[in-house]
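Chains as they are written, first to last, in full-length UniProt numbering: chain V, 1 to 387; chain R, 1 to 387; chain G, 1 to 387; chain C, 1 to 387.
Treat the hints loosely; a few may be bogus.
Listed below are the simulated SDA-like cross-link pairs for lysine to any residue, each with C-alpha atoms no more than 20 Å apart in a straight line [as the list claims (entries may be wrong)]:
hint: 1; chain 1: C; residue 1: Lys71; chain 2: V; residue 2: Phe262
hint: 2; chain 1: C; residue 1: Lys71; chain 2: C; residue 2: Glu110
hint: 3; chain 1: R; residue 1: Lys71; chain 2: R; residue 2: Ala91
hint: 4; chain 1: R; residue 1: Lys71; chain 2: G; residue 2: Asp85
hint: 5; chain 1: C; residue 1: Lys71; chain 2: C; residue 2: Ala49
hint: 6; chain 1: C; residue 1: Lys71; chain 2: C; residue 2: Asp93
hint: 7; chain 1: C; residue 1: Lys71; chain 2: C; residue 2: Ala45
hint: 8; chain 1: G; residue 1: Lys71; chain 2: G; residue 2: Asp95
hint: 9; chain 1: C; residue 1: Lys71; chain 2: V; residue 2: Ala92
None of these hints come from the bench; they were simulated from the model.
Protein chains: 4
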Amino acid sequence: MTRTGRTGLWLVGAGGSVASTVVAGLAAMRVGAAGPGGVVTETSAFAGAGLVDTADLVTGGHDVHEVSLTKRVEDLATAGVVPHDLARLVAADLDAASERVRPGYAVGAEDQGAAVRRLAEDLRDFREREGLDRVVVVNVSSTEPPVDAAEVPADVAALEAAWSRGEAPLPPSSVYAAAAFTAGCAFVDFTPSTGARLPVLGELAARAGLPWGGSDGKTGETLLKSVLAPMFAQRALRVHSWSGTNLLGGGDGATLARPDAFESKARSKAAGVGAMLGYPVEGPIHIDNVADLGDWKTAWDHITFSGFLGTRMTLQFTWQGCDSALAAPLVVDLARLLDLAMQREESGAVPALGFFFKDPVGSDEHALAAQYDALLRWVRGEGWTGR
Amino acid sequence: MTRTGRTGLWLVGAGGSVASTVVAGLAAMRVGAAGPGGVVTETSAFAGAGLVDTADLVTGGHDVHEVSLTKRVEDLATAGVVPHDLARLVAADLDAASERVRPGYAVGAEDQGAAVRRLAEDLRDFREREGLDRVVVVNVSSTEPPVDAAEVPADVAALEAAWSRGEAPLPPSSVYAAAAFTAGCAFVDFTPSTGARLPVLGELAARAGLPWGGSDGKTGETLLKSVLAPMFAQRALRVHSWSGTNLLGGGDGATLARPDAFESKARSKAAGVGAMLGYPVEGPIHIDNVADLGDWKTAWDHITFSGFLGTRMTLQFTWQGCDSALAAPLVVDLARLLDLAMQREESGAVPALGFFFKDPVGSDEHALAAQYDALLRWVRGEGWTGR
Amino acid sequence: MTRTGRTGLWLVGAGGSVASTVVAGLAAMRVGAAGPGGVVTETSAFAGAGLVDTADLVTGGHDVHEVSLTKRVEDLATAGVVPHDLARLVAADLDAASERVRPGYAVGAEDQGAAVRRLAEDLRDFREREGLDRVVVVNVSSTEPPVDAAEVPADVAALEAAWSRGEAPLPPSSVYAAAAFTAGCAFVDFTPSTGARLPVLGELAARAGLPWGGSDGKTGETLLKSVLAPMFAQRALRVHSWSGTNLLGGGDGATLARPDAFESKARSKAAGVGAMLGYPVEGPIHIDNVADLGDWKTAWDHITFSGFLGTRMTLQFTWQGCDSALAAPLVVDLARLLDLAMQREESGAVPALGFFFKDPVGSDEHALAAQYDALLRWVRGEGWTGR
Amino acid sequence: MTRTGRTGLWLVGAGGSVASTVVAGLAAMRVGAAGPGGVVTETSAFAGAGLVDTADLVTGGHDVHEVSLTKRVEDLATAGVVPHDLARLVAADLDAASERVRPGYAVGAEDQGAAVRRLAEDLRDFREREGLDRVVVVNVSSTEPPVDAAEVPADVAALEAAWSRGEAPLPPSSVYAAAAFTAGCAFVDFTPSTGARLPVLGELAARAGLPWGGSDGKTGETLLKSVLAPMFAQRALRVHSWSGTNLLGGGDGATLARPDAFESKARSKAAGVGAMLGYPVEGPIHIDNVADLGDWKTAWDHITFSGFLGTRMTLQFTWQGCDSALAAPLVVDLARLLDLAMQREESGAVPALGFFFKDPVGSDEHALAAQYDALLRWVRGEGWTGR
Ligand SMILES: NC(=O)c1ccc[n+]([C@@H]2O[C@H](COP(=O)([O-])OP(=O)(O)OC[C@H]3O[C@@H](n4cnc5c(N)ncnc54)[C@H](O)[C@@H]3O)[C@@H](O)[C@H]2O)c1
Ligand SMILES: NC(=O)c1ccc[n+]([C@@H]2O[C@H](COP(=O)([O-])OP(=O)(O)OC[C@H]3O[C@@H](n4cnc5c(N)ncnc54)[C@H](O)[C@@H]3O)[C@@H](O)[C@H]2O)c1
Ligand SMILES: NC(=O)c1ccc[n+]([C@@H]2O[C@H](COP(=O)([O-])OP(=O)(O)OC[C@H]3O[C@@H](n4cnc5c(N)ncnc54)[C@H](O)[C@@H]3O)[C@@H](O)[C@H]2O)c1
Ligand SMILES: NC(=O)c1ccc[n+]([C@@H]2O[C@H](COP(=O)([O-])OP(=O)(O)OC[C@H]3O[C@@H](n4cnc5c(N)ncnc54)[C@H](O)[C@@H]3O)[C@@H](O)[C@H]2O)c1
Ligand code: NA
Ligand code: NA
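Pulled out of the complex, with its shape left as it was, chain V reads as follows:
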């Protein structure tokens, strides 16, 4: 197999649980302390697709807080998210990766136009110093509140005019997307934040001929919905209610306890069931901060449905997943797949990545099996442009 060179994986929110698990996990794979469990692109279906080796992914990132990956990984070990001796095993790698984290952008702390230029410079610098062929920026920072797209300048000229007036029209996730496109990097939003989903960002990506993807990694309750809802539909079983409660702690739990951030996540989570079934379904969706659970998200879903002669039945499930352990390998997948898109010089949103997301850009397909087929077709170069 020919080597495809070295690729940068730039993590926005580099000190968070997901990012730390990505860095520690890549290091563990490198030293043979971990296998490729959970990494979709390491399964045989992706062999020969020309993806960059996981060993050739180099990480860096932005965060608004001081980052000691060693400390974070030790905490993750105490919580049972990663093996308890991992921080020790990959200590050198964690130190080196911590060095490659730069100060992030926070609302109000800095002129926004200047911030985009500064962040873009960090990315160029990373690419050059590390001798990278390409860089993929993945947003794994704290979920932001939703923005009103109508209040954001609709094109690049208007955006630059706003910046020159000292305004800060973009939310942080979009600032990072703008910096990525400015520096010639692909961008993926693993969170439900706005990211590249604004016309003006689309214009920036198009001008630079860069691919991007999102939004909001599909790792738990929504993953299950994406196989169960099609099952009900294909079996002609009518779903009457679908109620969900998600309990989690950690940084993500604390963030989503804020009503405005919750709003972004709830919208993203709600996207799929109605689309998969073809009709709206009642039922609450809760996301609750239970500090004691840490990264161990527990989701309980309760579904009522009927079959022949209207007979009522129920399905309920409890998912006890470790969020970062589920998310991190998908971040690795997305880095490799966006890197492939860059190799192929694809530009714009990549709907074929819907397999990874709660709220897939450019696609209304939420059924996992169909998304998997679409992903494989795209990887094989057969193209897919969303349903």
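Given chain V's structure and the hints, the job is docking chains R, G and C with the ligands onto it.
Quick look at chains R, G and C with the ligands alone, frame taken from chain V:
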């Protein structure tokens, strides 16, 4: 839409829960007292496929016990399986259908060769009296113990020789299959019994140019496995254990409490998970007779799996399904689809029906989404020959 | 056993699900169509305690809507709450009971002082017409928002002064309590509304020498908490989080979807766990209106706890209870027990009834086993004055 | 508080999961690395009862396999049963405790009469070397098959005669009980094995004036039954079925996968529900060996019940407990409580310890709350002789 004529649906085990629900449900649909909930072939994906109207299905059947469908449907209503006024609403239809039930075949009660001829005569008689174009025989009788195929005559000549010696080498389900093929009818086994799955039955079907399908309707725990196992596989999540407990009462619960009958069901249920994941998985499968539950099967499955860095997680679900309400519409589907196969003059096992079965004949594909695609392709005449 | 005479059971909210189930159930017991399932005071522990026969309970009530109990009981049958032929079996009783329902009191519809007199007159009239020895008023009407006790007149003189100024300082549940005490009846609040829990109502009860009880029937999730929390405490297992989700439809579900009514229920539900464990525990409590579930409340609770060496463990349960079928027999129990208190000429709050309530008046004891012991001691005349 | 001296805790099965957790946990408490979580006798209700300090418990034991407690504790740490640095923190204690483990007794390996004398000598030697006031022997070795009591000599004379003929009439657990009584030690059976529950052992205990207790620690599913069944009974809710599935791995899981050992456990588990409800209840009880789960026992129970008017409802729970972390503190409790019984010179079975057991000797009381009250009364010297 051109009418495709009237088709017979012959139910072996005509007095059982599933059969009674089929008969009552078809009658309810006819008088507008029930919609097509749970009937897969009534969804839009099957429109225009040339399937016989459900209103043009005429039922009859065999049972070894006296059958009063009115009584059975009243009992099902008391148990909440069907609406409580259904027996009253479709009383005339139930009486008429009860009249069309003939005495079945029980081991030892009758010469086996003569029995096959008698049962075949019942089928021909049914077709003629009712003026039917085609007849599909569906086995929904009590689950039998497994047989040792090596002890059954391997070809028709040997089978007839055994019969002429007064032997009874076939289990009852295979006797019904033999009668179906002898009388020019298609055959489907909705149970895990042997049915047509013997070389000698294959020969009988081939000679007569008749299609057949099976085995064991996929209505509950196994249905869920067929979407969850592919999810784990596609997401590269390693499954470590999959334990299942099924509680049910009713006739089926009582039958499966017998170790030999349980053996057939357990084999059938175990078929899929390993095939879908690509490796064997530990964990018990229990089927318990809890009389109090009646037809309300409750299944609890507990699954342990790991992702990135080996982190352990669990999924568990509880399925509370009404078995007959889930099974009956699929029996209607199978009658319509085998009728289509007969219209098309297909012969032999039909692997494209795997979507309906725990242990699909002629196929190793257990993933529901793939089975659904295969079914649609076959219905559209694009063919599919199993994986 | 000597007869204790006939007692009136006056239901505030007489047309609701709980009240209708009480009336239909008493009638069914009378005609032998139902046994005493769920009625605590019919178990052997209460034999010989001098309780009024259930056959000697005569019902009547108030509601703000027109009430046809026959119609309500038919609807409950369709929903599976009561047997499907019940309305027919006890038709005469339901008609007679419907006749004994009088117009209720709604905020703003009537002068409040006059309303209390009118409602009290209805109660006296009921007692006389039916030749009753005693009357117990039980509030099973829709849950009200909480009130600020500081804004309600603190004594009877002040209350009457406010009424004479045309003011309406009491919430409806307290208006009914005032009417009960005015007419010489005992009062029980089966809801989390204010009821008799105001100093001025206490004064009215004391003056009249009448017993009263409450609040909020303990029928589901809270019932389970009252046995599980003591288990954790007695076993020295530390509870770290206790999260609960309650899904229900029906009138109660719709009412509790209103944030102000929810507030009353949430306060009542939250009362116990901390008291039983001796320390506060984090975790959300949700009550969601899922119309499809009707009276079938489904509660899921998730509890994390630790034992020796801090090892973390979890317990979760799903309770699928039919709310009215659980509540109605307890209303019958409370009528009999308050009747006993009246026979004994007890006056004031009865803390020994805490067994029945989420938020027991006059007691901090929430553990079911201790409450049961206290109840039995009180019934046997050994007295108990709360913990 | 006056010191009550030093007491020996002799563990039969000293190298097993439970025993290792006991030893490591006592050491951790001593060095302040763990609190008293899960130790019932450390709660305030037991203050002042004259129990030996946990710091004054000295461990020793028998096992048939070579025992390295350090190794065992490291394995338990990897499995998440104990904190991951525990083996290091208490390394010296573990080494010392390993030294105090002596070779156990296995069927057929040794003359049984001689074995009893050898084991008793080990106990006397332990008491003297360590300067202990008293010694309590607790059986936490692998569960044995049940024995037919009729085939065991009924009195000591007959037993000694059998021994002198070279026979081995006692199962190993009873051999240990005999050795305990011979050496003047109390005995507790934490397993469902026979232990002291034979007339001849009763005679040995009585002669020596020694107390004993059992059987089978109540740590999971049965613990929950002991609070839920009384709840149903007190609320007059009729239980129709109670089905249970227990999944576990580890040494205990492997042992219970053997049908004969399972038989002992199943009898012990089945004892309670019928006794608490007052009528028999249908439903299977499974114990399955799922190696992947290790010590993390997962139990799912499904209960159907009815209330007023026969309405059917269900409760289900999933308990995910760490068996050794639940069992170990109870072993500490039992050592302290039997030590108290010895201080008080009580002799014979102690029914007041039923709180700790699935199958309490000398008592039919299975309800946890009643058992707790009985335990406290006994500890306070108020006596209790079983129900
Ligand atoms: N773990 C999953 O399964 C999963 C699934 C889907 C989406 N997500 C999303 O991934 C994100 C990360 O999750 P997590 O558990 O790692 O959260 P976390 O709270 O542990 O980490 C978030 C990190 O982002 C940093 N951050 C905040 N604002 C920033 C800014 N303006 N610029 C740069 N960095 C900033 C924080 O300092 C923190 O280090 C969340 O938005 C979450 O919703 C996670
Ligand atoms: N309901 C489901 O979801 C489902 C799913 C898959 C398979 N199945 C299978 O369908 C079958 C029927 O289930 P059910 O619940 O209706 O069972 P049931 O016990 O109610 O009915 C079985 C009927 O078969 C009759 N019968 C027994 N032996 C016969 C014979 N030799 N010839 C003719 N009739 C005979 C019995 O008299 C009875 O009327 C079972 O084998 C079951 O395992 C059901
Ligand atoms: N069912 C249970 O398990 C349970 C447990 C605890 C408490 N409760 C409480 O019992 C009450 C009744 O529950 P339900 O399910 O019968 O509710 P429901 O909505 O079916 O019935 C409430 C009835 O109260 C009537 N009402 C409303 N305002 C009134 C007023 N001012 N005066 C007289 N009548 C009035 C309504 O018209 C309706 O008929 C609720 O407050 C509920 O929270 C029920
Ligand atoms: N952990 C719980 O929650 C719990 C609850 C109730 C009962 N129990 C019982 O406690 C016992 C111990 O459980 P565990 O998980 O520690 O099991 P384990 O398999 O880890 O340990 C059993 C130990 O007993 C030893 N052993 C076997 N035969 C022996 C003999 N004849 N003499 C001396 N030692 C012998 C084995 O070598 C092993 O070291 C089991 O019988 C189990 O059923 C455990
Ligand atoms: Na197959
Ligand atoms: Na006992």
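Tested hints:
1. C/Lys71 - V/Phe262: 46 Å, violated
2. C/Lys71 - C/Glu110: Violated, at roughly 28 Å.
3. R/Lys71 - R/Ala91: 10 Å, holds
4. R/Lys71 - G/Asp85: 17 Å, holds
5. C/Lys71 - C/Ala49: 36 Å, violated
6. C/Lys71 - C/Asp93: Holds. C/Lys71 to C/Asp93 sits at ~13 Å (cutoff 20 Å).
7. C/Lys71 - C/Ala45: 36 Å, violated
8. G/Lys71 - G/Asp95: Measuring from Cα to Cα gives roughly 10 Å; hence the hint holds.
9. C/Lys71 - V/Ala92: 29 Å, violated
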